[in-house]
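Residue numbers (my numbering), protein chains in the order written: chain A, 1 to 544; chain B, 545 to 1088.
Simulated from the structure, these hints should not be mistaken for lab results.
By construction, the Cβ of each residue, glycine as well, lies at the ideal position given by its N, Cα and C atoms.
Keep in mind that the hints are not guaranteed to be accurate.
[As the list claims (entries may be wrong)] Take a look, some chain B residues computed to stay more than 10 Å from chain A by CB distance: (1) Lys-564; (2) Glu-607; (3) Leu-617; (4) Asp-652; (5) Phe-700; (6) Pro-704; (7) Asp-844.
[Stated by the list, open to error] Listed next, the in silico DSBU-like pairs over lysine-lysine satisfying Cα-Cα at most 30 Å (straight line): (8) A:Lys-295 with B:Lys-987; (9) B:Lys-909 with A:Lys-262; (10) A:Lys-295 with A:Lys-80.
Number of protein chains: 2
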Amino acid sequence: MAAIADWQTLAASKREAVAKKIPLQWRLPSSILEHVSPTADISVLDVPRQCGLLSENELALTENYDATALVELMSSGKVKSYDVTLAFCKRAAIAQQLVNCCTEIMFDEALIRAKQCDDYLAKEGKPMGALHGLPISLKDSFNVKGTQTTIGYVSFLSHPPATSNSVLVDMLFRQGAVFYVKTNLPQSMMTADSDNNIFGRTMNPNKLTLTAGGSTGGEGALIKMRGSVLGLATDIAGSNRIPALCNGISSLKPTASRIPFKNKVPPGRVGSPGSILPVIGPGAHSVRDLELFMKTTIDDEPWEFDENTLNVPWRRVEPLSRPLRFGLIRGHPSRPLHPPVARILHAAATALKDAGNSIVLLDDKIPDLWENALLAWKYFLLDPKRTPVQYVNASGEPWVPSIKTAAFTGLAGWQATLDELWDMNVERAKVLAAYHDLVVENKLDAILMPGFQATAVPHDTYGVPIYTMLQNLLNYPAGILPYLKASKQLDEPFINKDAAYEPPYNPDAVEGAPGAIQLVGRPMKDEELIEVMKVVEDILKKAG
Amino acid sequence: MAAIADWQTLAASKREAVAKKIPLQWRLPSSILEHVSPTADISVLDVPRQCGLLSENELALTENYDATALVELMSSGKVKSYDVTLAFCKRAAIAQQLVNCCTEIMFDEALIRAKQCDDYLAKEGKPMGALHGLPISLKDSFNVKGTQTTIGYVSFLSHPPATSNSVLVDMLFRQGAVFYVKTNLPQSMMTADSDNNIFGRTMNPNKLTLTAGGSTGGEGALIKMRGSVLGLATDIAGSNRIPALCNGISSLKPTASRIPFKNKVPPGRVGSPGSILPVIGPGAHSVRDLELFMKTTIDDEPWEFDENTLNVPWRRVEPLSRPLRFGLIRGHPSRPLHPPVARILHAAATALKDAGNSIVLLDDKIPDLWENALLAWKYFLLDPKRTPVQYVNASGEPWVPSIKTAAFTGLAGWQATLDELWDMNVERAKVLAAYHDLVVENKLDAILMPGFQATAVPHDTYGVPIYTMLQNLLNYPAGILPYLKASKQLDEPFINKDAAYEPPYNPDAVEGAPGAIQLVGRPMKDEELIEVMKVVEDILKKAG
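So that you can see chain A by itself, here it is in the shape it has in the complex:
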């Protein structure tokens, strides 16, 4: 394909079309906007409350409830979906102006839909479904009928609007969901900076100089801004968990093939013979909201609509009241934990132990994390046609800066053969066996580990995500819980003078950045992992 001579103009015109969908009365004043930039060392988390665009009721609706609570209020008629939707549309519009988190805006459609939900309840005397009236935000790669799915490739700007919904979108719609925005992601989806040549860069609302993470960075930033209460991500190397830990929200990467993937737009070639599948999962403010999404989707029998979804019901499991056993992984020498992450992980482990749970140190027992991540990355390089490169070259757009930092340099130019792929699978089988045996022999309920060696870092410095790739290689479910914040003063004792921090540790740059932990469950035991996450969420809340 020939390059598009005026791709910049095309991209600018798309941005303008999206921007126009924000009503004039929801625009922030230039007194605020003039301070907003990827080099501004400020938090914008308070702007929605300060800017005066949201009523007290709208502030309450967007700040005081999780999705589960909102659905209860709307299903009982105490609150109208229209009001909730309007509040989240407004707040998403504010977030968009501050952190550039949205790709598609569907406010008009959403308000009509919300009204339908309210009318349905009034007429039928019962809610539409388990998500009655709930606004849900979507990563751009989901198809919503009538809206474009460009996933940040300039060459995809020529694609017409989607003519049908992704299967999951259809399913959630039937349960009463309201779709109002799609959100930003990186060019090619294979870097942790949500930056592309159509929509530009999403910033971290906690601190605009930091990355919002990726590839579902738009969701992470929007949910943290409380411009969304529940959003949908994908994850093949950490794309759901990285934005969660960068922004400070909760998220879940389920076991593969439990949530229907059909009719989404992929960033590369379909038909991969690799052993790692992309996984859809939710981002939210509470573990029970993660459960609400999983339970609602799987109870609705997604295998009826997507032949690649496993025909396995959502099991009802009892809340956990016994002491739990956690494996603890504290990192790999090639990517030593930055002081805030070391402190926060230590604090979490201590809180779990103090609450009567057991901790089993796994550092010396696990296969080499770096080698595992390298193996996982190879599975992402199996396409001899290099389809994402073709998608980029088709328009003549350049690569975004972070791409070169987000790959294993040792694999530059590497191309698998079919023969090597057999050996890779044998290698993966060994890792699988090792973790299986560790979990079984130590009777672990979950593994506690970092999601990344650092908190959110300055733009374009995230590097390779070895702490989130492991769970994709294993196909183990994994969740992120936010916990504490980076603090120069508290982190100082955790500085290891001998450690080669990568990326460099800059206490001032990350001051106040959210902390997080990662919890890893057993394959197909997403139900049990959620119960473990509830217990941990509770303990960490109490520990403060």
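Mind docking chain B on chain A? Use the hints.
Below, chain B alone, put in the same frame as chain A:
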């Protein structure tokens, strides 16, 4: 590896060692044995009853019960496992002399083990487990500690006896199973004639001139002889179902990854990046015995012992009492149904309809069966190292005759590239979508179709098994039920003068050969398929 100069001697010595394990007093007289050969057009099904080696009680124990009934009798102490085991050892010894179905004989170990089961019951007052005292036969590819696993490769004769059990063997052992024989299979496991240069050829007990099928032909013949009441097979292209339909027993190929595969000996390279997995399943005399195996194994949480087994419990489903909906596939023009198969399939469909069920014709709605089988076969050719060829060449043994008939000639010399593998996966995805949509749109409970275009056919003429490969390509569970027999007289009206039967239809050669039908369920709904099979088993029994 250099060829083994005297491989024939080595193989003969192995056969002799196995033969020696049949006690002298269990040997058949030469008056019977002199009539036994692959060219003898006789049934040997009556020999166990006629030969006088089995007592009336032993005949009753081996003929009058299924596994479920035997376990009940043994668990309640009404019958001793020792007596049951002895009866099946004797009968397996007889079968071995008639149809050459066994590879390894473990009678001594089995009788000691049976005694242990009886003692346990006497001492503890409760059965050892859900398979208390039950003799179970195993395809040779299972590892049993202390016994060799050669899987019919002469070069594997140098392997020492297994030092540990296959995971499944261990699990069944804990449930009270008694292992007493391993059974024959084809060189490379990739043909439907169970023939190799160590153990020779297994014959069909219904008619020695016919194939016993493969790759689990030893099981098929042994179970039909009632030398086993429950046996374990594997299936990647029909290896469990082909012997079932050839010999006239019931079998189930479950969804992949529900039954643990760990620590079995594979006929080729491990680490395949293909989309088709080998599957373990049972062969038996009743559907409830197939269920007994599935339920017992999965209830015992195989995922605790094998990291590649899906962590998905066995669901309790209600017996079906409503009318069912069956899709009906009547074949592909390239492999038209032989008259007996056409008649028997028609009779089965009519019986189902007469019993109040619906039949939906699918012939014109499904993707091309031949093309699908060709695609499936390509997945078996993904190893650039051609490991099975290396295993054969390592000893200098020749290929068995059926190998050349059991492959797609168009694929001779074909070697996939990694790039083609992507395209193959896209092709497979289309087939998967097509069947999914047909099943969902027509609300099908199962698909009724032939397991092969013919009944058992003369040795080395089976050809490519397109009617069993489909379910492996789809990863749909599928079962075989025996029904009726080939009959020149009854089949005559079903002869299509224009059909190019492949292999040729020879009414005399197959007279009296068992008939069968195949039932195909939905992935991960093995539980529901078993209930459907129970209903059909019942209807076919009544229809006669």
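Quick one: which hint numbers does this structure break? Sort them smallest to largest.
none
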